[in-house]
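Visitor: Chain residues, written in single-letter form:
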Amino acid sequence: MANYKKYGKMLAAGTLLASSLVLGACGKEDKTATTSKKESSEKVDLHAKADISWSPILYVATAPTDVVEKKIEEATNTNLTFNWIPDATKDERMIASIASGELDDIISIPQTLMTNSSIRQALKSGVFWDVGKYLDDYPNLKKISQDRREASSIEGKLYGVPFQKDFARGGVLIRKDWLDNLGMKVPTNLDELYEVAKAFTEKDPDGNGKNDTFGWSDRNELRYGSFKTLASYFGVPNGWAVDKNGKFTPEFETKAYKETMEYSKKLYKNGYLDKDFAVTSKDDQLQKFAQGKAGIYAGLISITQLKNMAQGINNKIEIVPQNKIAGPDGEYRIWSEGNGVNGLLAFPKSAVKTEAELKRVLQFVNDLINEDVFMLMTGGIKETHYTIDENGAYKILDNPLWQKEVQGFSGSRPSEITYKLKDADPDKQLVNDMISENDKFSQMDPTVPLESQTRTERGTELDKIIIDATIKYIMGETDEKGFDAAVKTWKDSGGDQMKKEYEEAYKKANK
Amino acid sequence: MRESTALADDQQSVLPDLEKNAMKKRARARTLAGIVRNKWLYIMSLPGILYFIIFKYLPMGGIIIAFQDYQPFLGIANSPWVGLKHFVRLFTEPTFFMLLGNTLLLFALNLFIFFPIPIILALMLNEVKNKYFKSGIQTIIYIPHFMSWVIIVSICYVFLAQDGGAVNALIASMGGEKVPFLTDGTWSRIVYILQVIWKEMGWSTIIYLAAVTAVDPGLYEAAKMDGASRLRQIWHVTLPAIRPVIITMLILKIGHTLDLGFEHVYLLVNSINRNFMEIFDTYVYTAGMKNGQLSFSTAVGLFKGVVGLILVMGSNRLAKKFGEEGLY
Chain A
1 MANYKKYGKM LAAGTLLASS LVLGACGKED KTATTSKKES SEKVDLHAKA
51 DISWSPILYV ATAPTDVVEK KIEEATNTNL TFNWIPDATK DERMIASIAS
101 GELDDIISIP QTLMTNSSIR QALKSGVFWD VGKYLDDYPN LKKISQDRRE
151 ASSIEGKLYG VPFQKDFARG GVLIRKDWLD NLGMKVPTNL DELYEVAKAF
201 TEKDPDGNGK NDTFGWSDRN ELRYGSFKTL ASYFGVPNGW AVDKNGKFTP
251 EFETKAYKET MEYSKKLYKN GYLDKDFAVT SKDDQLQKFA QGKAGIYAGL
301 ISITQLKNMA QGINNKIEIV PQNKIAGPDG EYRIWSEGNG VNGLLAFPKS
351 AVKTEAELKR VLQFVNDLIN EDVFMLMTGG IKETHYTIDE NGAYKILDNP
401 LWQKEVQGFS GSRPSEITYK LKDADPDKQL VNDMISENDK FSQMDPTVPL
451 ESQTRTERGT ELDKIIIDAT IKYIMGETDE KGFDAAVKTW KDSGGDQMKK
501 EYEEAYKKAN K
Chain B
1 MRESTALADD QQSVLPDLEK NAMKKRARAR TLAGIVRNKW LYIMSLPGIL
51 YFIIFKYLPM GGIIIAFQDY QPFLGIANSP WVGLKHFVRL FTEPTFFMLL
101 GNTLLLFALN LFIFFPIPII LALMLNEVKN KYFKSGIQTI IYIPHFMSWV
151 IIVSICYVFL AQDGGAVNAL IASMGGEKVP FLTDGTWSRI VYILQVIWKE
201 MGWSTIIYLA AVTAVDPGLY EAAKMDGASR LRQIWHVTLP AIRPVIITML
251 ILKIGHTLDL GFEHVYLLVN SINRNFMEIF DTYVYTAGMK NGQLSFSTAV
301 GLFKGVVGLI LVMGSNRLAK KFGEEGLY
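Protein sequences appear in the order of chains A and B. If you use the working numbering, the first sequence corresponds to residues 1 to 511, in order. If you use the working numbering, the second sequence corresponds to residues 1 to 328, in order.
Below, in silico cross-link-like pairs of lysine to any residue (SDA-like), each with a Cα-Cα straight-line distance of 25 Å or less:
{"id": "1", "chain 1": "A", "residue 1": "LYS349", "chain 2": "A", "residue 2": "ASP137"}
{"id": "2", "chain 1": "B", "residue 1": "LYS304", "chain 2": "A", "residue 2": "SER493"}
{"id": "3", "chain 1": "A", "residue 1": "LYS481", "chain 2": "B", "residue 2": "ASN275"}
Keep in mind the hints are simulated off the structure, nothing from the lab. Every value quoted in this text rests on a predicted model; they were computed, and no experiment measured them.
Full structure from sequences and hints, please.
Guide: Written out as structure tokens, the structure is:
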């Protein structure tokens, strides 16, 4: 028996040794990458030539070529190294790189990862610099609004520069040519929207004599499908409602949420909503719209993509965006994604070692928001990738070339809101205007800046309980009693705890 | 274990110490001589042994994070120890029994419906006398194995969707009610096992076909002389001959009880059929990996591994009891 124990110990020791060797090796590599910067640590010259490495998220299929990168380097006086992280594998990649200690000077942490338990723990335990007090020293970073700073901080600390974006991109896209065929006008309230969905299904809007169309396209999630947008119209709070006394109510315990479910259920039962939405992916949903099966789509920003997809299969397609659908009380509302913040640009202390280095990197981030760099990351090089026409409107010259050399950068712009471009495509410009207009009536999620241990540990599971129950309700697979039972399960599995944690955090923040 | 210690005790009492030592020495010398004599065999096996140590045994050390609150930036050495916290969470989770039930049910489908099919198919193929026809069929039924689950599930989606799906269109044209193949719980399970059969049926016949070709043709001749029909020959000659292979495959299959193919099931699970289709693998992905809870995921993985090990050992023992060879 004693022998077994000894082997066990040896095995454990061996494992530790091996893993520490692996970690050690990674650490070393990292050091050599950053030594070049150390020399500049005595005197801070904010514009001195600097080597900066960055792990941005790649939201498109392939990384952009270095044509634009060179221009950005020139404009910011830096030598840049981009280590792109594909969007699909960002969770694993990010955790693995934190574990290995092999971190770049700048790490892009997208909003969806801010609630990831490992990432959040790393942020809270000081792996990254707290940059809150530095922001006001830089002209562009100074302009980051207090709301956005609050939305992206954890327990009052800002562990990076927030990615700024529009507050809300919600709205609906409707087939304009179908509306015209049926002699209908663009809907402005929920009842009219219902009538449009009905007519799109029953009155043969494409005039081919076949019953092969339906109103709403939708997909297997509530948030980015049709449901959350409809819920906003009905007056459902964005995630949570908070009253004067600091009492939190989850959105699905409001009357408006049940009204939305009832509305969607009616759509589904009559076939005005995609019968297969519960098993439809985003791509399939886009396809169904582009192919002319469905006529209504939730989400304004997809207009360009839908038009591109329809090329060649459905050239007649005309789309009208609409962001103002009045609720039962006549008010406009739309939910805000991340309260205008799309994650953080964080600076790990293991790579950015001194305050002086941090200041140089912050200067770089600040410079990225300068108009010339912003244009480089948005449109690329003027007259090569894009042009500004006689009306001052922005136009991409060669779409494939732009996709290859520029598009990858556009998802990593620290601010999408500092400059407004006039788009040469009138539909696109209309969408841009609507998104700006949404600011006026966008609904914030009060829990974005708040800390909840339960949310970080089991938020995804808890969400799943409610999502499943809601979809079942819409499909008529469960009734109100079944839904209430799911809400009870949610409460018992941690929902109540989460609510308590939010209330406490809210109290602490608003003292 | 108990037997061997008892034996050692016996020896101790019977043999004087001196003689025992001498015996030990002789035994050691014999082993050493054996190693020297077969040194090339040992050297040849070295890469294999190293492979197992480096890629299979050393990584097992990572299991200890199941007993920690592992934080990637702290590493294994500095993460706090939490004992059995993650296991307690797993077993007290309200969904635990649902997960276990679903996992076992899908496994049962695999075992009772899928498992016999390749055997029957191999026996049928074996009876085909035309060589070209046989190898043609074989090639065709092997192909699905090389397709990924994404493709197979997507094909099924196109066929089975309620809106524009070919199968439902057919049902509707004959005046039937459309069937929610993809969302209904029971139908999802049926679709699952049909997909497994379609993809793996052909590939799994390979090993049985190999076993069948090893049967002594003399046995068939003898059976024929005794007037056995084709069916009789299969029943009394072929099947008993490949029985050891079947048993081995069965034990291996049982060892994979809780490995039902994450990719496949993940693609099939949706909000409506979750209570019927969610299994440990898919649950770990959403609850563990997506939330960055590496320790919890590891704990569930360890639990799966242990259950698998127990089942393999149990079924192996059972096989031996019934006079079969077993795995080891």
